[in-house]
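Chemist: Please put together the full structure from these sequences, using the hints given.
Next come the chains, spelled out residue by residue.
Protein chains: 2
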Amino acid sequence: MNPQTGLDHTLMALADPTRRAILQRLTHGEARVTELAKPFDMSLNAVSKHIQVLERAHLVKRRREGREHVLAANPEPLDAAAAWIENQRAFWNHRLDLLERELKAHDASQNPRRKK
Amino acid sequence: MNPQTGLDHTLMALADPTRRAILQRLTHGEARVTELAKPFDMSLNAVSKHIQVLERAHLVKRRREGREHVLAANPEPLDAAAAWIENQRAFWNHRLDLLERELKAHDASQNPRRKK
DNA sequence: TTATCATTCAACCATTTGGTTGAATGATAA
DNA sequence: TTATCATTCAACCAAATGGTTGAATGATAA
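These protein sequences, in sequence, are chains A and B.
Going by my numbering, the first sequence opens with residue 877, and the numbers climb by one from there.
Going by my numbering, the second sequence opens with residue 877, and the numbers climb by one from there.
It is worth saying that the hints were derived from the structure and are not from the lab.
Beta carbons are placed, not taken as given, at the ideal position from N, Cα and C, and that holds for glycine.
A hint or two may mislead.
Below, computed lysine-lysine pairings styled on DSS-like, alpha-carbon distance capped at 30 angstroms [to be verified]: (1) A:Lys937 to B:Lys980; (2) B:Lys914 to B:Lys925; (3) B:Lys925 to A:Lys925; (4) A:Lys937 to A:Lys914; (5) A:Lys980 to B:Lys937; (6) B:Lys937 to B:Lys914; (7) A:Lys925 to A:Lys914; (8) A:Lys925 to A:Lys937; (9) B:Lys937 to B:Lys925.
Derived Cβ-Cβ restraints for the label pairs, each shown as a range [to be verified]: (10) B:Asp917 to A:Arg932: 20 to 30 angstroms; (11) A:Arg939 to B:Ala948: 44 to 54 angstroms; (12) A:Ala959 to B:Ala922: 21 to 31 angstroms; (13) A:Gly942 to B:His970: 46 to 56 angstroms; (14) A:Gly882 to B:Phe916: 12 to 22 angstroms; (15) B:Ala959 to A:Asp917: 21 to 31 angstroms.
Modeler: In structure tokens form, the structure reads like this:
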């Protein structure tokens, strides 16, 4: 219903170091839940939950292969997140440009043609 | 202590539409708390708290001017967030390249010099 | 001075998060 | 078949979020 909810989920999912590590691991290739859990000092169940959060954000997709679940990264939602941030930076830089221009103009009128 | 805590805070702060709206508003210029709160259908106190979350993430800075607090966006933490995401995408694209190359090689050996 | 304005602090509340343990499910291997 | 393996489900817990209201603080205006 709320269209920015996707972005909410994406950023929320990324805001946890365990989940970022899982994602990073998955960009190097698919992995099963147990494999993903191995590096972490927490229960398998905890990792399972983290994966579900990543799934809710559509940052990973799951394929059932018999008794094992194979996880793969799906970086598509990252596009919206990157776009939001870049947009933010663009506006910010635009504003800085305006400021600088104004400062230069002020400078010139106050103290024209000075060196350095 | 944990160096990625900054990124945690940044992404967590961005994962809320109210806070993203506040940030966006601030890229167009400084504003006081009351001004920032006006568009939102929630108490002034709630917005005050959102601002504190943005402050914790160093995404806004506050200047006291008499009884009013003037807020300004500080986009610097966005750099790390953007960098993380871009890095992620780079690795992903690299992996896709490898995959495509492998597919092409396989194709060629299976069905060499076919058209289309 | 005193009232008002801008803001935070404090306490409270419901919900979500991030973790645990133990049992259930469902596929595979002996 | 039966035991084992991979995984989730369910219940629980502590802490954090996102909101509320009411009082406190501190600057300004009458």
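Chemist: A separate judgement is required for each hint: does it hold in the structure or not?
Modeler: Going through the hints against the structure:
no., hint, verdict
1, A:Lys937 to B:Lys980, "25 angstroms, holds"
2, B:Lys914 to B:Lys925, "15 angstroms, holds"
3, B:Lys925 to A:Lys925, "28 angstroms, holds"
4, A:Lys937 to A:Lys914, "19 angstroms, holds"
5, A:Lys980 to B:Lys937, "25 angstroms, holds"
6, B:Lys937 to B:Lys914, "19 angstroms, holds"
7, A:Lys925 to A:Lys914, "15 angstroms, holds"
8, A:Lys925 to A:Lys937, "14 angstroms, holds"
9, B:Lys937 to B:Lys925, "14 angstroms, holds"
10, B:Asp917 to A:Arg932: 20 to 30 angstroms, "26 angstroms, holds"
11, A:Arg939 to B:Ala948: 44 to 54 angstroms, "47 angstroms, holds"
12, A:Ala959 to B:Ala922: 21 to 31 angstroms, "27 angstroms, holds"
13, A:Gly942 to B:His970: 46 to 56 angstroms, "30 angstroms, violated"
14, A:Gly882 to B:Phe916: 12 to 22 angstroms, "21 angstroms, holds"
15, B:Ala959 to A:Asp917: 21 to 31 angstroms, "26 angstroms, holds"
Checked against the numbered hints above, the structure breaks only hint 13 and satisfies the rest.
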